[in-house]
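Participant: Make a model of the complete structure from these sequences and hints.
Protein chains: 2
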Amino acid sequence: MRIHIQNPPGEQDFAITLAQWQAALARGPSLGPVEVSIADDDAGFSAAMREAEVLLTWTKVVRARFPVGALPEIAPRLKVIACTSAGLDRLAPFDWLPEDVLLLNNRGTHAAKAGEFAIMSLLMLAAHMPRLATAQREGRWESRFGSVLAGRTVCIVGLGTMGGAAARQARAFGMQVIGIRARPAPHPDCAEVHATDALDAVLPRSEFLLLACPLTPATRSLMDARRLALLPRGAKVVNMARGAVWDQDAACDLLESGHLDGCITDVAVPEPLPPEHRLWRTPGMTVVPHVSSDDPATYNDRTLDILLANLAELRAGRPAPNRVDPARGY
Amino acid sequence: MRIHIQNPPGEQDFAITLAQWQAALARGPSLGPVEVSIADDDAGFSAAMREAEVLLTWTKVVRARFPVGALPEIAPRLKVIACTSAGLDRLAPFDWLPEDVLLLNNRGTHAAKAGEFAIMSLLMLAAHMPRLATAQREGRWESRFGSVLAGRTVCIVGLGTMGGAAARQARAFGMQVIGIRARPAPHPDCAEVHATDALDAVLPRSEFLLLACPLTPATRSLMDARRLALLPRGAKVVNMARGAVWDQDAACDLLESGHLDGCITDVAVPEPLPPEHRLWRTPGMTVVPHVSSDDPATYNDRTLDILLANLAELRAGRPAPNRVDPARGY
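Protein chains in written order, with my numbering: chain W, 271 to 600; chain Y, 271 to 600.
Heads up, some of the hints might be wrong.
Same chains, same label: a pair holds when it works inside one copy or across any pair of copies.
To be verified - Below, computed lysine to any residue pairings styled on SDA-like, alpha-carbon distance capped at 25 Å: (1) K330 x R410; (2) K330 x F415; (3) K330 x S413; (4) K330 x Q290; (5) K349 x T329; (6) K330 x E412; (7) K330 x F284; (8) K330 x S417; (9) K330 x R414.
Hints listed in this document are in silico derivations from the structure and should not be mistaken for laboratory results.
Facilitator: The following block contains the structure:
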């Protein structure tokens with residue numbers, strides 16, 4: 271099997287190294303003979319694509335390299351594209367992807383870090399930290415006391431790797447967890463799980479709301495201005511999904527009016543957010559630059575483990591666990 | 271027994287009510303006949319002090335009402351002063367306190383909230399949140415990735431209610447916990463416990479440092495500029511003790527030089543911090559206005575439970591668990 275890893279040029283924190291690949295291969299399942307190449311430039315990419323059957327790379331590389339209709343000529347033997355992201359919304363619509371090429375996401379890499387970011391954010395919101403950060407900006411020593419999480423309700427939208435890890439942490443701190451997912455199967459860390467169409471009924475009793483769903487046509491603008499206003503007064507919101515899942519301007523309005531107590535968002539529209547953007551300066555809004563769930567100490571090892579596990583499943587004639595369904599978008 | 275509760279005038283969040291007192295009495299140990307009075311003004315205080323045997327109040331009230339030598343005349347029958355704070359450093363030196371009056375602190379009230387504040391702070395520091403807050407202030411979208419807590423080392427100075435709760439949470443997240451306390455008895459959540467004089471040896475291997483000791487003559491300036499510089503490059507510090515336990519100016523210097531990655535302090539010198547103070551604006555410094563450990567939803571109930579438990583012990587002829595030793599200062 272010929273595998274090519276294409277790092278983005280100049281990538282500092284997450285460029286995959288040959289040593290990481292070899293370590294993953296040594297601890298991973300048997301795949302038979304494997305040849306690997308690693309590059310971060312045009313020449314390396316073009317040379318490798320003539321023979322490669324598997325490509326591991328970033329969504330931004332996929333977008334740049336494969337315009338609609340171009341893939342078969344550039345990479346005639348390619349069977350699998352594995353992306354280092356869990357959310358592949360940047361690759362939609364999927365009309366550039368030939369039907370016989372399998373697309374894999376990186377779902378599973380983010381669990382530990384995402385769970386810690388989620389519980390950190392819930393604790394910060396319970397302690398009014400975003401409002402206190404606004405007060406710090408203004409040099410105001412303004413006592414705002416917060417309460418512990420136990421007994422309070424959080425609604426988590428999306429129960430994949432990230433939402434599931436968030437639910438586990440929230441439950442460990444004694445919260446009442448309500449899950450919302452496309453198909454409302456029960457979840458061990460949720461007291462209740464509902465389908466997305468129950469959201470309007472759930473929001474008024476959700477003091478905390480945590481968004482962790484993929485961005486798809488079904489979730490784009492899911493938390494619009496009307497739905498955000500259904501949250502109770504003093505509610506707190508975490509967005510670790512995508513900026514387009516909520517109406518970030520409406521969130522700012524509700525923070526300014528005092529209806530929302532605080533928000534922590536790891537995502538924005540656009541990214542990077544320009545310096546003059548309102549989101550930076552809205553009272554009670556904490557902006558995190560899309561780093562919540564990526565742990566440089568473990569990310570590449572987990573990415574490679576997931577790729578090798580998927581290749582082993584395919585080799586055994588079974589479906590790949592990380593296969594993305596272009597029709598669903600995740 | 272005659273008990274008087276003196277609230278500070280105008281107190282919003284934490285004034286103790288008669289309903290709270292009655293509920294505590296109903297769920298608490300039997301004390302025999304008890305008469306209670308509650309006031310927040312001069313007249314109420316003076317009238318009650320003629321007969322009261324027990325006074326429950328704030329340290330700032332004690333300081334204002336009992337100058338050196340004044341207590342026996344103002345409160346001739348007083349046997350117990352219970353304070354709503356855990357740390358009574360504001361009452362030192364204790365030359366105003368007659369030998370036959372017992373002083374009780376509020377140790378134990380803060381466990382749940384303090385533990386949550388501690389783990390929130392450790393997670394925030396691991397995620398570089400204080401540096402990201404500085405970037406937000408300046409409108410800079412600057413990726414800084416953080417790693418999970420598991421396997422990293424935190425040194426906790428002080429293993430009382432707050433430090434003990436911090437140790438429990440840190441251990442639950444997989445951290446290696448080193449405890450420092452005056453008398454180095456083992457602690458169930460610490461891999462190691464050392465006496466204070468081992469601090470210089472422990473600091474160089476402590477990526478995280480959490481201060482949770484009482485302020486006493488022995489801990490004043492404990493973390494001076496020399497000791498802070500013993501921390502490894504990139505270290506992170508939480509101060510939930512008192513501002514005078516560390517050299518806050520040295521902490522700012524080390525943040526500016528980049529030796530320290532981030533600090534979160536719940537305490538400052540002076541409090542409230544004036545608007546123009548350097549602490550507000552130092553990059554990587556998160557200032558919290560002394561609210562970390564007080565949960566308005568549970569604080570008064572816990573305070574009253576602790577008082578009643580102490581009075582029951584005294585009534586049974588046993589030592590009061592919350593007795594403060596004026597010689598030690600805690």
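Participant: Next, verify each hint and record whether it holds.
Facilitator: Against the structure, the hints:
no. : hint        : in the structure
1   : K330 x R410 : between (42 Å within a copy, 22 Å between copies)
2   : K330 x F415 : between (43 Å within a copy, 19 Å between copies)
3   : K330 x S413 : between (45 Å within a copy, 17 Å between copies)
4   : K330 x Q290 : within (22 Å within a copy, 59 Å between copies)
5   : K349 x T329 : within (17 Å within a copy, 72 Å between copies)
6   : K330 x E412 : between (44 Å within a copy, 18 Å between copies)
7   : K330 x F284 : within (14 Å within a copy, 53 Å between copies)
8   : K330 x S417 : between (42 Å within a copy, 24 Å between copies)
9   : K330 x R414 : between (43 Å within a copy, 19 Å between copies)
Comparing the model with each earlier hint shows no violations; every hint is respected.
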